[in-house]
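There are 2 protein chains.
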Amino acid sequence: MDPVLVYSPYASDCPSRQLLDRIGDRWTVLIIGSLEEGPLRFSELRRRVEGISQKMLTQTLRSLETDGLVTRTVFAEIPPRVQYELSPLGRSLLEPLGALTRWATEHMDEVRAARGTLAS
Amino acid sequence: MDPVLVYSPYASDCPSRQLLDRIGDRWTVLIIGSLEEGPLRFSELRRRVEGISQKMLTQTLRSLETDGLVTRTVFAEIPPRVQYELSPLGRSLLEPLGALTRWATEHMDEVRAARGTLAS
Numbered sequence: 001m002d003p004v005l006v007y008s009p010y011a012s013d014c015p016s017r018q019l020l021d022r023i024g025d026r027w028t029v030l031i032i033g034s035l036e037e038g039p040l041r042f043s044e045l046r047r048r049v050e051g052i053s054q055k056m057l058t059q060t061l062r063s064l065e066t067d068g069l070v071t072r073t074v075f076a077e078i079p080p081r082v083q084y085e086l087s088p089l090g091r092s093l094l095e096p097l098g099a100l101t102r103w104a105t106e107h108m109d110e111v112r113a114a115r116g117t118l119a120s
Numbered sequence: 001m002d003p004v005l006v007y008s009p010y011a012s013d014c015p016s017r018q019l020l021d022r023i024g025d026r027w028t029v030l031i032i033g034s035l036e037e038g039p040l041r042f043s044e045l046r047r048r049v050e051g052i053s054q055k056m057l058t059q060t061l062r063s064l065e066t067d068g069l070v071t072r073t074v075f076a077e078i079p080p081r082v083q084y085e086l087s088p089l090g091r092s093l094l095e096p097l098g099a100l101t102r103w104a105t106e107h108m109d110e111v112r113a114a115r116g117t118l119a120s
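Chains as they are written, first to last, in my numbering: chain A, 1 to 120; chain B, 1 to 120.
None of these hints come from the bench; they were simulated from the model. For clarity, every value in this text was computed on a predicted model and none was experimentally measured.
Since the list gives no way to pick one copy over another, a pair counts as held whenever it fits inside one copy or between any two copies.
Each computed SDA-like pair below joins lysine to any residue, with the alpha-carbon atoms no more than 20 Å apart:
{"no.": "1", "residue 1": "Lys55", "residue 2": "Ser34"}
{"no.": "2", "residue 1": "Lys55", "residue 2": "Ala11"}
{"no.": "3", "residue 1": "Lys55", "residue 2": "Tyr10"}
{"no.": "4", "residue 1": "Lys55", "residue 2": "Ser12"}
Take the sequences, apply the hints, and build the full model.
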C-alpha cells in the first residue's frame with residue numbers, strides 16, 4: 001500500500017506551499033473566475049482580465065494546464081480556434097477563489113478606512 | 001450622500017486588485033492562519049511559518065497592521081512583550097483563506113498527478 005501523504009503549507013519544503021502561491025496569484029484568480037460561465041478564447045480572456053499582458057496570460061494559462069486546472073482545445077477551423085475551459089479540478093477552485101474575490105471587494109472600504117485613505 | 005463605490009479586481013485600476021494580491025500572498029495566508037487560535041509573539045509566529053525570514057515576517061505583519069487585519073500590542077514588561085492578534089476584520093478572512101489552504105492540501109495529489117510527478 002502507498003503511504004498516505006499529508007501536506008501542510010506551514011512546512012517550508014511541502015509542495016502545497018508552492019501550490020498555494022499559484023492558486024492565490026492574482027492572475028490565476030482572475031482567469032479562473034473569468035472561465036466560470038464557460039470556455040473562452042485567448043482574446044476574450046485578455047479583454048476580461050484588464051491589463052494582463054499577452055506574455056503573462058500565455059504563461060499563466062500554461063501553468064494552469066500543467067496543473068490540470070484548465071484544458072486547451074484547438075478547433076480545426078480557418079483560422080484555427082483555440083479555447084480554454086475549466087477542468088473539473090479547476091471548477092472545484094471556483095468556490096474558494098470566489099470567496100477570496102468577494103472578500104476583497106466587500107471589505108475594500110474597511111481596509112481603506114484602516115489605511116486612512118478613504119475620505120469620510 | 002456619498003457615491004456608492006463598486007470594486008472589481010477585473011478592472012486594472014481598481015484598488016481591490018492590489019488587495020487581492022495582498023490577501024492571496026502565501027505569507028499573509030500562513031500568518032493569518034497561524035493567528036486563528038489566539039495571539040502570538042513574533043518568535044512564535046516565526047516558528048509556525050517555517051522558513052519565513054525575519055525581514056519578510058516584519059514586513060508582512062506591518063502590511064497586515066496597516067490594512068487593519070492584525071493588531072500589535074506591546075506589554076510593558078522587562079523585556080517588553082510584543083503580541084500580534086487578528087482584528088475582527090482579520091478574523092473575517094479566516095474562512096476564505098482556510099478554504100484556500102484546504103484546497104491546496106486536499107488537491108495536491110491531483111495536481112501532482114496532472115503534472116506527472118506523482119509515482120503511481
